[in-house]
Amino acid sequence: KAGVTQTPRYLIKTRGQQVTLSCSPISGHRSVSWYQQTPGQGLQFLFEYFSETQRNKGNFPGRFSGRQFSNSRSEMNVSTLELGDSALYLCASSLGWRDEQYFGPGTRLTVT
Amino acid sequence: AQSVSQHNHHVILSEAASLELGCNYSYGGTVNLFWYVQYPGQHLQLLLKYFSGDPLVKGIKGFEAEFIKSKFSFNLRKPSVQWSDTAEYFCAVNGNNNDMRFGAGTRLTVKP
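Which chain is which? The protein sequence lines are C and U, in order. Each residue of the first sequence is one higher than the one before, counting from 840 in the working numbering. Each residue of the second sequence is one higher than the one before, counting from 112 in the working numbering.
Read the hints as simulated data drawn from the structure, not as lab findings. Check each hint, because a few of them may be wrong.
To be verified - Within a straight-line C-alpha distance of at most 30 Å, the following computed DSSO-like cross-link-like pairs (lysine-lysine) qualify:
1. C:K896 with U:K172
2. U:K160 with C:K896
3. U:K172 with U:K222
4. U:K180 with U:K160
5. U:K160 with U:K172
6. U:K182 with C:K896
7. U:K169 with U:K180
8. U:K160 with U:K182
9. C:K896 with C:K852
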């Protein structure tokens, strides 16, 4: 079974731009969660989607948004990028509610 | 809101030493508990999980963890570490709202 895939793997953007990251979960997994990982803050929960509905959202500004499609693939969007948004963005999928999560390799976003 | 505390930021051990990494959480309801590991340059991987039943759970690569409900703890142990265990270890808690929270991580360095 293929694992969680994320595209692109690396991205460089400038302040003020917007970015869209993509995640394809493991086949059959309906829950997709997104995290931001930085050396100073560790892993911080962004949001979680299940069957195209956002079920949970972490403490991030409205510039961070996401969506999930009917095939469970998910995208997250960050608008008006700031330097502090530079991080590794991780996507994780799980079979269902409260199950263990399987992580993708992440997208390394650098904002200059 | 639930939170997870990992007491040790960086642990340095020699090969064959015993390991115990502390994890405490604050959450009043039923929780699922996880330990994840991130080897250098690799994805986050699940080491072990606790949902219910025997509070002593065994994971991959000889790791185990004990859930002590009265102490809100889920400490990770390994009797004899190897150089290949060098990695970052994350404790995670998932409560009734399926809002997975991760600890800040403990970096383990094993000296050969």
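Here is how each hint holds up against the structure:
| no. | hint | in the structure |
| --- | --- | --- |
| 1 | C:K896 with U:K172 | violated (34 Å) |
| 2 | U:K160 with C:K896 | holds (23 Å) |
| 3 | U:K172 with U:K222 | holds (18 Å) |
| 4 | U:K180 with U:K160 | holds (15 Å) |
| 5 | U:K160 with U:K172 | holds (14 Å) |
| 6 | U:K182 with C:K896 | holds (28 Å) |
| 7 | U:K169 with U:K180 | holds (17 Å) |
| 8 | U:K160 with U:K182 | holds (18 Å) |
| 9 | C:K896 with C:K852 | holds (24 Å) |
Violated hints amount to a single one, hint 1; each of the other numbered hints is respected by the structure.
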